[in-house]
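*Asks:* Its first residue numbered 1, the sequence shown is counted upward by one per residue in UniProt numbering.
Hints listed in this document are in silico derivations from the structure and should not be mistaken for laboratory results. Here a beta-carbon is modelled for each residue, glycine too, at the ideal position from N, C-alpha and C. Keep in mind that a hint or two might mislead.
Derived CB-CB ranges, DEER-like [to be verified]:
1) Leu91 to Arg279: 22 to 30 Å
2) Asp155 to Arg105: 31 to 39 Å
3) Leu311 to Asn230: 24 to 32 Å
4) Gly201 to Asn221: 30 to 38 Å
5) Asp316 to Gly176: 38 to 46 Å
6) Gly116 to Gln90: 34 to 42 Å
7) Ser145 to Ser215: 17 to 25 Å
Straight line, CA to CA, 20 Å or less: simulated SDA-like cross-link-like pairs of lysine to any residue [said to hold, decoys possible]:
8) Lys219 to Ser153
9) Lys262 to Thr288
10) Lys69 to Arg105
11) Lys119 to Glu106
12) Lys243 to Ala307
13) Lys219 to Asn149
14) Lys262 to Thr196
15) Lys243 to Glu254
16) Lys110 to Leu72
17) Lys262 to Arg279
18) Lys243 to Glu312
19) Lys219 to Arg208
20) Lys110 to Asn149
21) Lys110 to Ala120
22) Lys69 to Glu106
23) Lys243 to Ser215
24) Lys262 to Lys219
25) Lys110 to Tyr92
26) Lys243 to Cys205
27) Lys219 to Met162
28) Lys69 to Asn121
29) Lys69 to Lys110
30) Lys110 to Met162
31) Lys262 to Asp247
32) Lys262 to Thr250
33) Lys110 to Gln174
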Amino acid sequence: MRNLELQMKQSWGRREEDEMMTMVRKESHGGNSILVERRREGKGREGNAEFLGFTTYPPAYLTQEAQGKRILTGVNFASAASGLYDGTAQLYSAISLTQQLNSYREYQNKVVSMVGREKANNIFSGAIHLLSAGSSDFIQNYYISPLLNGVYSPDRFSDTLMNSYSSFVQNLYQLGVRKLGVTSLPPTGCLPAAVTLFGGGSNQCVARLNQDAISFNDKLNSTSQSLVNNLPGLKLVVFNIYKPLLDIITTPDESGFFESRKACCGTGTLETSVLCNARSIGTCSNATQYVFWDGFHPSEAANRVLAGVLLEQGFDLIS
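Sequences and hints are given; from them, build the entire structure.
*Replies:* Here you go:
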């Protein structure tokens, strides 16, 4: 997902853009659980937090707000345009997955110094960690980089991403993580920016991009199962967001939406991040009618629909 948060309840996204790893502490059923999530951030991800019962968002790890006991109730390491592949982050001066892991180690040391090793270990082993990454690696790197797509087929590039994913999970495991949820790729060929860039003038989803996402997701499932088989005590759930989001896109009216090709922000075709805000020229007046907030990210309303689906898929992590 990309960066780190610790909060009193689980959180599903907000603000600027792209992916992060997040750690969230939740009081529930007489005990505590922690959510460490690497997730895509975006204006459109607001609302999922409220859906799950959150009223506040954790501070960014590198800000003055993330000091002292505040980090025990929430902190994030968000970095727009990062990915499983460190080269993606380098393209956009983002915080790479490797750097995020180092920050997570630093964060763990701070928690240990505050609550002691035994309590800290219980916190981390009881945590629910969520990882969401990969879209930027394809849309914002592979498909537009002759240095990558001239050397790697989409299938081979997916293998490279799987190696990074596997290494990341094993590193988390060595740090005491035992509960992990990872989101699949969405139907990347249906993202407004992808249709604009790679659709050849058509307003239809780009089939080859969606097929690449399906192939990636198959590898994600098999790699995740292999990790579970080889790492005793690891609970790992793959959240399938491909089909539920595709269903919303192809039949938006059934979920209460009006527009699924264009995003709410700006022209609705490409804008994202700092180019995309409520004051951007052309931004819609009612984002709840749109499946996408910007060229890459679902709207708050769409994420509320997706959140319900993902909650059902993640019950094994809280059992």
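*Asks:* Given the hinted pair lysine 243 and glutamate 312, is their alpha-carbon gap at most 20 Å?
*Replies:* Distance of about 14 Å is within 20 Å: holds.
*Asks:* Between the alpha carbons of lysine 110 and glutamine 174, is the straight-line distance 20 Å or under?
*Replies:* Roughly 17 Å between the alpha carbons, so the hint for lysine 110 and glutamine 174 holds.
*Asks:* Between the alpha carbons of lysine 110 and tyrosine 92, is the straight-line distance 20 Å or under?
*Replies:* 29 Å, violated
*Asks:* Straight-line Cα separation of lysine 69 and arginine 105 no greater than 20 Å?
*Replies:* 17 Å, holds
*Asks:* Check whether the Cα positions of lysine 110 and methionine 162 lie no farther apart than 20 Å.
*Replies:* 30 Å, violated
*Asks:* Has the given pair, lysine 243 with glutamate 254, been kept, meaning a C-alpha gap of at most 20 Å?
*Replies:* Status holds; Cα separation ~15 Å.
*Asks:* So if I understand the rule, the pair passes when the alpha-carbon distance is 20 Å or less; does lysine 219 with methionine 162 pass?
*Replies:* 7 Å, holds
*Asks:* CB of leucine 91 to CB of arginine 279, is that within 22 to 30 Å?
*Replies:* At roughly 27 Å between Cβ atoms, arginine 279 and leucine 91 fall inside 22 to 30 Å, so the hint holds.
*Asks:* Just to be careful, I want the Cα atoms of lysine 262 and threonine 196 compared with a cutoff of 20 Å; is the pair within it?
*Replies:* Since the Cα atoms of lysine 262 and threonine 196 sit roughly 10 Å apart, the hinted pair holds (cutoff 20 Å).
*Asks:* Taking the Cβ atom of leucine 311 and the Cβ atom of asparagine 230, is their distance within the range 24 to 32 Å?
*Replies:* 28 Å, holds
*Asks:* Given the proposed pairing of lysine 219 with arginine 208, does the C-alpha separation stay at or below 20 Å?
*Replies:* Holds: lysine 219 and arginine 208 sit about 17 Å apart, inside 20 Å.
*Asks:* Is the hinted pair lysine 243 and alanine 307 satisfied, with a Cα-Cα distance of at most 20 Å?
*Replies:* 13 Å, holds
Consistency note: the structure conflicts with the earlier hints numbered 5, 20, 24, 25, 30.
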